[in-house]
Amino acid sequence: MPVDIDIDHVARLARLELSDEERERLRAQLSLILEHAAKVSEVATADVPPTASAIPRPTVLRPDVPTPSMGPEEALANAPDREDDRFRVPRIVEVE
Amino acid sequence: MSGDELCDLTATELRSRLVEGEISPSEIVESCLHRIEVLDGQVRAFLTPTPDLARERARAVAELARAGTSPVAGIPIALKDVLTTRGIRTTCGSRILETYVPPYDCTAWARLSAGGSILLGKTNCDEFAMGSSNENSAFGPVHNPWNLDTVPGGSSGGSAAAVAAGEAVWALGTDTGGSVRQPAALCGVVGLKPTYGLISRYGLIAFASSLDTVGTFTRSVRDAAMLLSVLGGRDPMDATSLDQPARDYTASLSGEVRGLRVGVVREALGEGVEPGVRSGVRSAIDRLEGLGATVGEVSLPHADYALSAYYLIAPSECSSNLARYDGVRYGLRVPGEDSMQMMMRTRGAGFGPEVKRRIMLGTYALSAGYYEAYYGQAQKVRTLIIRDYERAFASFDVLVSPTSPTTAFRIGERTDDPLAMYLSDVFTIPANLAGVPAISIPCGLDEKGLPVGLQLTAPVLGEELLLRVADALEHELAFDAVPGLVRG
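Chains C and W, in that order, give the protein sequences.
Under my numbering, think of the first position of the first sequence as 1, with each following residue one higher.
Under my numbering, think of the first position of the second sequence as 1001, with each following residue one higher.
Since the hints were derived computationally from the structure, they do not count as laboratory data.
Careful, some of the hints might be misleading.
[Claimed, not checked] Ranges between beta-carbon positions, derived for each pair: (1) C:72 x W:1266: 38 to 48 Å; (2) C:36 x W:1103: 39 to 49 Å; (3) C:86 x W:1301: 33 to 43 Å; (4) W:1086 x C:61: 53 to 63 Å; (5) W:1275 x C:3: 49 to 59 Å; (6) W:1272 x C:69: 29 to 39 Å; (7) C:65 x W:1290: 36 to 46 Å; (8) W:1148 x C:82: 41 to 51 Å; (9) W:1341 x C:35: 25 to 35 Å.
[Claimed, not checked] Below, a sample of chain C positions facing chain W; criterion: calculated Cβ distance under 7 Å: (10) 29; (11) 87; (12) 91.
[What the hints assert, rightly or not] Some but not every residue of chain W turned toward chain C, in silico, with C-beta under 10 Å: (13) 1088; (14) 1139; (15) 1240; (16) 1246; (17) 1250; (18) 1251; (19) 1253; (20) 1254; (21) 1330; (22) 1340; (23) 1347; (24) 1376.
Bear in mind that the values here come from a model prediction, so they are computed numbers and not experimental data.
Using N, Cα and C, we set each Cβ at its ideal position, and we do this for glycine too.
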C-alpha cells in the first residue's frame, strides 16, 4: 500500500530545508522505499523480541578519576563562529 | 608499469624484505606516490593525499621497520575519509565537513601509527558511508581500476580502488551494510569485516552505530590477518568494544580445511545473481570441496527480509547520529535569521541527496505514531536474522555465498533508482544485522573481465576460522589477475 508522508512535517523534524523539487522527489521515493520496508511486518510477530544491538554489552563504566580533556582553543578550532571561549550562534529566543 | 613494482606487492612480502634490509620504507612510499601520480587522475581514489607526511614518516620509522617487531611498520596505508586523523582534514565525502580538521585520531589509526604505519592519505567514499557505488561523494565518483567506466562499489570505494590500483599496499574502510566487502568484490581485493566491536569505533564518524564496523582492504588474506592483529582488541574509548585481547591472527592460517563443514547459502545463488557471479562462486565451492571440506546447502530463511529491516534501522540511527551537524560546533554554517533557520539552511545546503533521503526516512520511521510499525518491527526481524545464523552455525562451521549479486556496474546506471542500488548489498547486510564476521575474496573474472567476489561468514568472534578457510581457498584459487590499467 502506498505510504502517504507529510514531507514538510518530517523535514522540519529533521531540520532540513528542501527545495520544491527535492520535496516532490522525496515524497515519491520515500513512499516506494517504505512500501518495500513494510515487508518486515510479515514476519515480525508479537512473540519475537526486538534486538537493538547484535552483541549486547553491559553498560561499561570507567573509573571515576579525572583525566585531562581538550582545551578551549582545540575545541573551538572548527567553530564556524565564536566569541571568546564560546560558540556564537544566531538568536534562539525572541527578545522583548 | 608492469604490476610488479613495490607498490603492487603484499604487505607480507614487503615486510620480509624490510626485515632483510633489502628495501626501505622510503622506497615503498615513493613507489606508491609515483603510482598515485600516474593513475589517480583517472581513478580518483584519494580526497586528501599526504605525500610530505608520508615521506617524513617513512624516514622516521625506518629502524622500527627493520627490527620487524610490528607487522605494520614501514608499510604505507590509506584511510577512508570517515576515520578521524588529528590535524588532517576528514570530510566524510560531504560538503558539510569539507574543511573539518579533527582534533583527535581514531583508535584504529592511533594503533597503526604506534606500530609504525605510514599514512598515504584519506580516500574518497560515499557521503557519510551511505551508498554502494561511491557516486554519493560530494567530491565526485571513484573509477574502478578494472574498467574506468564502472563503479568501484561503495561506500569505501576509494580505499578498494587504491589497493586494486597499487596506490596503497592496504587500506582501511568501514562496513555498515557491506561497505568493505562489496567494493572489495568489485575491485578484486580482499575485504574483511570483523565481528561487531572487535575493532574500536572511536573516531569512526558515526552513520549507524549498532552496525558500523571498521574493516580492511588487502591483497591477501594473510595481510588482512596481520592488520587485524594490530587493530583488534578492547578499547576503553568505545563502550561497545568487546572484551577481547589483541591476538596474532596469522597463527591460525594453517592452510587446512579438511573436515570443516561449509554451508552454501541457498537464497544467495538464485535469481537476481548474474550468471558470471554464480558460476565463479560455484566453481570456487567445488575447489573448497576438493580441499577436503564437507559442503552442504543451508537456508537463511529471513534473509529476504534483511534488506527491508536494514533500510529502517540504518536510516533511523543515521537520522539521530547526523543531528550533530547543526552549524554550531564544526562544519558548514549557512547564516539565517535565527538558529532554526540557520540549522535548516546549513543542513539543506550541506547534505547530498542520499543522506537527505536517509535522514528523512529515519526521521519518519522514528516519529510519533510510526515507531512501532517501522523501527520496532525491524528490530524484531533483526532477532530472526540472528536466529537464522545460530541455526546455520549449528550445522556448519562457515557459510559461503557471492559477496554481491553483480560485478561492477556502469557509473550512472543505478543513480536514479535507490531500490536497485540498495539491492547491491542484499548478501552483505545480514552479517551486519547479526554482528558476525565475514570476508570477501576474489574468486575469478566474469565474461566482461571484471572480478567476482566470494563471501565467507563465520560465527561471532570466529575470525581465526574465517581467515583460515579464506586463506586456504585463496591459495587454491591462486587469483593473480591485475587490472589492465596497472599492467600498463
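Q | Those earlier numbered hints the structure runs against, lowest number first | A | 1, 3, 4, 5, 6, 7, 13, 14, 16, 17, 18, 19, 20
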